[in-house]
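So the sequence lines, in the order shown, correspond to chains A and B. Counted the way my numbering counts, the first sequence spans residues 23 to 135. Counted the way my numbering counts, the second sequence spans residues 3 to 115.
Calculated from the structure, these hints are not laboratory results. Treat the hints with caution; some may be incorrect.
Between beta-carbon pairs, the in silico distance windows are [said to hold, decoys possible]:
hint: 1; chain 1: B; residue 1: 43; chain 2: A; residue 2: 92; range: 22 to 28 angstroms
hint: 2; chain 1: B; residue 1: 15; chain 2: A; residue 2: 62; range: 44 to 50 angstroms
hint: 3; chain 1: B; residue 1: 10; chain 2: A; residue 2: 82; range: 41 to 47 angstroms
hint: 4; chain 1: B; residue 1: 16; chain 2: A; residue 2: 78; range: 47 to 53 angstroms
hint: 5; chain 1: A; residue 1: 100; chain 2: B; residue 2: 18; range: 26 to 32 angstroms
hint: 6; chain 1: B; residue 1: 29; chain 2: A; residue 2: 79; range: 39 to 45 angstroms
Partial list, derived from the structure: chain B residues whose beta carbon lies under 7 angstroms from chain A [unchecked claim]:
hint: 7; residue: 63
hint: 8; residue: 92
hint: 9; residue: 104
No residue lacks a Cβ here, since even glycine has one placed at the ideal position from N, Cα and C.
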Amino acid sequence: GESVGLHLPTLSVQEGDNSIINCAYSNSASDYFIWYKQESGKGPQFIIDIRSNMDKRQGQRVTVLLNKTVKHLSLQIAATQPGDSAVYFCAENMDNQGGKLIFGQGTELSVKP
Amino acid sequence: EAQVTQNPRYLITVTGKKLTVTCSQNMNHEYMSWYRQDPGLGLRQIYYSMNVEVTDKGDVPEGYKVSRKEKRNFPLILESPSPNQTSLYFCASSLRGLGTEAFFGQGTRLTVV
């Protein structure tokens, strides 16, 4: 069935280190994968997305990797800062399902100064 | 400023008393959606709308109604709220589809007693 899940519920890193947040998905028909960041008391904020025909996409300090062979998605944050502390969600979307998004449960990233 | 505005931010109500949570976006987006967020369950889609007068069920539509009479507004209606609808609700909108660059509101924390 459809499911999107995260390997670890919490991740603690030292300021300045790189962070890697992982996500597993089960629906091989998904066309889009998206990472969102949710800070305490706020709504989710779009970070970066990737289409299923891509393996890697880079943004500002963030990189998303997609491994379709093992149905794995990861978000890499370079030089993690205290402002990166938040819950990160992966989500999947299929073009033929219009606006339907399936979210993972989230990983809480904590950055230690 | 581009934004999605939900009202109210906090609401405590009693079982069976009809309520409406409003959502408005000022970006002329076609796609809008409602989610509920619960601990351990992540974000789950309730309803979404691909355009005016076009709505469809998400994953957890039972007990909810929506309407899309105009592009900017997408209210969520609970005809007879029950305690299991106590949750944090988010409205979201996007231009090209809910898989990309979705903007979320600040959230509405609803408690049904």
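Hint by hint, here is what the structure shows:
The hint said 22 to 28 angstroms for the Cβ distance between residue 43(B) and residue 92(A), and at roughly 25 angstroms that hint holds. For residue 15(B) and residue 62(A), the Cβ-Cβ distance of about 24 angstroms falls outside the hinted range of 44 to 50 angstroms, so the restraint is violated. For residue 10(B) paired with residue 82(A), a C-beta distance near 34 angstroms fails the hint of 41 to 47 angstroms. At roughly 51 angstroms, the beta carbons of residue 16(B) and residue 78(A) sit within the given window of 47 to 53 angstroms.
Range check, residue 100(A) to residue 18(B): Cβ separation about 52 angstroms, and the 26 to 32 angstroms hint is violated. Against the hinted window of 39 to 45 angstroms, the Cβ-Cβ separation of residue 29(B) and residue 79(A) comes to about 23 angstroms, which falls outside the hint. With 7 angstroms as the threshold, the beta carbon of residue 63(B) stays out of range of chain A, its nearest partner Cβ sitting at about 12 angstroms, so the hint is violated. Because the smallest distance between the Cβ of residue 92(B) and any Cβ of chain A comes to about 5 angstroms, under 7 angstroms, the interface hint for this residue holds.
Because the smallest distance between the Cβ of residue 104(B) and any Cβ of chain A comes to about 6 angstroms, under 7 angstroms, the interface hint for this residue holds.
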